[in-house]
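Engineer: Protein chains in written order, with numbering that gives the first Met the number 0: chain A, 0 to 300; chain B, 0 to 137; chain C, 0 to 541.
Treat the hints with care, since some could be wrong.
[Stated by the list, open to error] Residues from chain B that face chain A, not an exhaustive set, calculated with beta carbons under 7 Å:
#1 Thr3
#2 Ala25
#3 Gly49
#4 Ser132
These are computed hints drawn from the structure, not numbers from a lab. Where a beta carbon is used, it is the ideal one built from N, C-alpha and C, also for glycine.
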Amino acid sequence: MQIARLISALERGERVATHSTPAVHGQTRVIGITGVPGAGKSTLVDALVAAYRQTSERVAVIAVDPTSPLTGGAVLGDRIRMNRHSTDEGVFIRSMGSRGRKDGLGPAVQDSCRLLARAGYDPILIETVGVGQVELGVVECCDIRVLVLAPAWGDYVQAVKAGLIEMVDVVVVNKSDLPGATALLQELKGAVRKGGDTMAVRVVSAIASHGENGIQDVRLAIDDAWNLLARDGIRQRRLEAVVYELVSRVTSGFAGGPLKSVGDDGTTVRLAESVYEGQTSIQDAARALFVAALDRGRLRE
Amino acid sequence: MNTTPIRVVLGKVGLDMHDIGSKVVARGLREAGMEVIYLGPFQTADSVVGAATTEDADVVAVSNISGEYATYVPEIVSKLRDRDLHPIVIVGGLVPDKDRQGLIDLGVDGVFGQGSTIDSIVEFIRGAVAKRSAARKA
Amino acid sequence: MSESNAASGVTWSGIPLKTYYGPPTRDRNYETKLGDPGALPFTRAGHAEMYRKRLWITRQLAGLDTAAATNQRLRYLIANGQTGLAIVPDTPTQLGLDSDHPLGARSVGTQGVPLCTVEDMDQMLEGIDLRGITASFSVPGASVPVLLAQLLAVADRRNVPWDELRGSFQNDPLQATHTCYDAGTPLELGMRLCVDAMEHCARHVPGFHPTTVNAYDLRESGLNAAEEIGVAISMAQAYIEETLKRGPTIDQIGPGILLICAAHIDLFEEVAKFRAARRIWSRMMREHFGAKDERTCRLTLAVHTAGSSLVAPQPINNVVRGTVEALAAVLGGCQGLDLSAYDEPVDLPSEQAAMVALRTQQILALEAGVANVVDPLGGSWFVEELTDELERRAVAVMDEVAALGGMVAAAKAGWLRRLMDERQWQLQQSIESGERPIVGVNCHQIPLEQDTLLSFRGEHPKPCAEQVEIVRTFRRRRDAGSVRSALTGLKSRAESTSENLISPIKIAVEAGATMGEVMGTIRQAYGLPYDPVGAIAAGSTI
Chain A
0 MQIARLISAL ERGERVATHS TPAVHGQTRV IGITGVPGAG KSTLVDALVA
50 AYRQTSERVA VIAVDPTSPL TGGAVLGDRI RMNRHSTDEG VFIRSMGSRG
100 RKDGLGPAVQ DSCRLLARAG YDPILIETVG VGQVELGVVE CCDIRVLVLA
150 PAWGDYVQAV KAGLIEMVDV VVVNKSDLPG ATALLQELKG AVRKGGDTMA
200 VRVVSAIASH GENGIQDVRL AIDDAWNLLA RDGIRQRRLE AVVYELVSRV
250 TSGFAGGPLK SVGDDGTTVR LAESVYEGQT SIQDAARALF VAALDRGRLR
300 E
Chain B
0 MNTTPIRVVL GKVGLDMHDI GSKVVARGLR EAGMEVIYLG PFQTADSVVG
50 AATTEDADVV AVSNISGEYA TYVPEIVSKL RDRDLHPIVI VGGLVPDKDR
100 QGLIDLGVDG VFGQGSTIDS IVEFIRGAVA KRSAARKA
Chain C
0 MSESNAASGV TWSGIPLKTY YGPPTRDRNY ETKLGDPGAL PFTRAGHAEM
50 YRKRLWITRQ LAGLDTAAAT NQRLRYLIAN GQTGLAIVPD TPTQLGLDSD
100 HPLGARSVGT QGVPLCTVED MDQMLEGIDL RGITASFSVP GASVPVLLAQ
150 LLAVADRRNV PWDELRGSFQ NDPLQATHTC YDAGTPLELG MRLCVDAMEH
200 CARHVPGFHP TTVNAYDLRE SGLNAAEEIG VAISMAQAYI EETLKRGPTI
250 DQIGPGILLI CAAHIDLFEE VAKFRAARRI WSRMMREHFG AKDERTCRLT
300 LAVHTAGSSL VAPQPINNVV RGTVEALAAV LGGCQGLDLS AYDEPVDLPS
350 EQAAMVALRT QQILALEAGV ANVVDPLGGS WFVEELTDEL ERRAVAVMDE
400 VAALGGMVAA AKAGWLRRLM DERQWQLQQS IESGERPIVG VNCHQIPLEQ
450 DTLLSFRGEH PKPCAEQVEI VRTFRRRRDA GSVRSALTGL KSRAESTSEN
500 LISPIKIAVE AGATMGEVMG TIRQAYGLPY DPVGAIAAGS TI
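Excised from the complex, chain A in its bound form:
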């Protein structure tokens, strides 16, 4: 299938003619799903896909899993939980490795979304790696951000501490049949009320593995967040997403290209030794390193 091949090309860093598709891809909803491993993201995504299919919407799913930094390989196992949709022509599931990105996304997620939107898929669900609680990529690049928590995982406290609850639009307490679910729900609702923002965070509970238990509530929360966004202006949001992607690419391109090049030829070490010996200040060394790297030219793509 053409789209699948184009996505592969995008992942390889090839230029594919998506740049002519405006980033404001009509009314396509890009929904990011994040949360620690074990919270039930994939099961929730599977249930959401089923719900969207019931209303005949064509859904795309991009599921990202971590690439091993040592071997460059990955086991992309999220689609096991979505197996029933493999034979549905109205569902496009693509598994991606993070391939070096640290923000929960893969190298071509944004561009792939554009391709998929052009092909008529709406919504597009992005299931992130989930090594942190909320990954920056999902916050920056997706229209609606959903955080999935499960009781007894202890990451609630972390999430609140890091102020992450306020960064998302919907929090789902999944596996809500497990002990601790009610307590978690109360704590979340309390935290969210304290936030006092107009863009209130919606908290819902679900048991994604168990039929339609709570899935309609999740959908309603997502729709609600979308309506609010559509009203207040998607353009700004999406512009910010492009800015994020630009900065992200430049930063990693710089680190992987010019900066790596001066590292490889010993410049970095020499400057470090000079600081270590007390001959140069760290600020001067940093400036010198920057200039040396700039001299190398090309960003690594």
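Using the hints, position chains B and C against chain A.
Structural biologist: Below, chains B and C alone, put in the same frame as chain A:
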């Protein structure tokens, strides 16, 4: 990592639940730098081909120890052809010697029976994928 | 080996043998840690006389492509001295699917016997006296209640009172959930069905063991010896705790649980493992559950020699491996033994291989004298220390599970899944690197052309088209109205979460409902898809 990972769609067909081997292979392929799209058990020809399509698979790997491969693999090969997809197709698990040639004749590229090592599977995949890209460039 | 056979009381050379040997004086240490055979804490053996009174039950797994063919094999084995039946249902049956299910039809009858309808069960047991045998069914997953119902229905047809039935099921949803044998049945439903079967047997079928915790498959999944028993006993603990909530006492429930363990190739470690398992079990029943009856504290151990230890190259060596492993089981005091046939790596057992497995046990029992004395390795400094060490490690595993909130919570948290994945990987690495030597595989290999492959059939059984027809004919002949109404009754009982489902399942089965129809109805009652693989619609087969 500079090279693009090889993408392998790996699944078990039919009702065969003995998935230890296929999981170990999945991990082994990951250690070898490949992206393994692990489908798990209960796959049909349609679900395997559906996945191979959207995942733009370089390799389709079918695991089976119960003999059901005999009904599913021919279907998989022909459905891939119908969609004009040409991944490397390999079959692993319990395949008696006398069935091997039949599978190759059908269009399967490699058969890995009892006792196959992960290294041999990795080597085969790398070789087959390299050969295919060279052929495409030509 | 019929029940009149027993081990000998003299050596080959005529030296008389005591039933068991022990220290000249029994001190406190001996009484608390070991105990005489047949006495708490049962470390040395479950019974005082063991094989001197009656040899272990020999079972070879049987499950051919139709109930009729399986019936023939069972009768053959019984006629040749087998004392118990070990039945493996085919994969569709295990998963709760019908023989004519779209995916099921491609594997029906190939890995075991199809038991889709009550007629299949009846046919499989034709001409076999239910009072005279023990029938164990290798079924871990949720289809157990249906098979139990089928069996009870057949017993009713033959006027055999339920309290005279002997046998077992696996009925082990915690294990099934980790090996995909629970397709479409989430753990809570699996637990409910498991406990329904346990409660029903505790109350109405007291001679039957409804639950056999499958430590064997845990071991086959790569866990080590201590983990095997630590995890299995934690699973048993979870089942017991749930069944206690229904009302029966620990003394009613406890004796109904068996453990089926692996006998692996490291002989002394395995013997120590069995001894440690008995001690841990006894202490758990006494101290944790407050059992009053000593019989509750006695662990009944079934053993299956480790299939994964057998390999395809130089296959005749598998007879040696099986022998060593069976020896471990005998020296370890098991109550029942399945010996893996030498062609296990590539096939369902051929008749010849099944016979060799049986004869191996008969040679051990009748010629080699290893069954003559109970717990012959007891008192060995090595084996006693090994037993203690295995107990320590197994208890550490149990403590870890307890800290997670019990085995059900641990399973939901993915703890066991991660452990199994890690061990499987390590095992494969250790074999490929040669760190774990396996003769013929990574050392002492010979070229394939020189290998003696014996008489491997080297062919996968074809799915049994005949069985598909049998089921279709059955459907045509039954009264669809009775089936529908029985299933409606079952569904409403299942929707109310507390009532035991065995009785309504039995009514449905007797009205002619098939395995897939009963399981599908129950799944629907739980808000799950009727068909776990989504290939057929609810009620479409009625």
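Engineer: Does each hint hold? Answer for all of them.
Structural biologist: To see whether the hints hold, each was checked on the structure:
no.	hint	result
1	Thr3	holds, 5 Å
2	Ala25	holds, 5 Å
3	Gly49	holds, 4 Å
4	Ser132	violated, 12 Å
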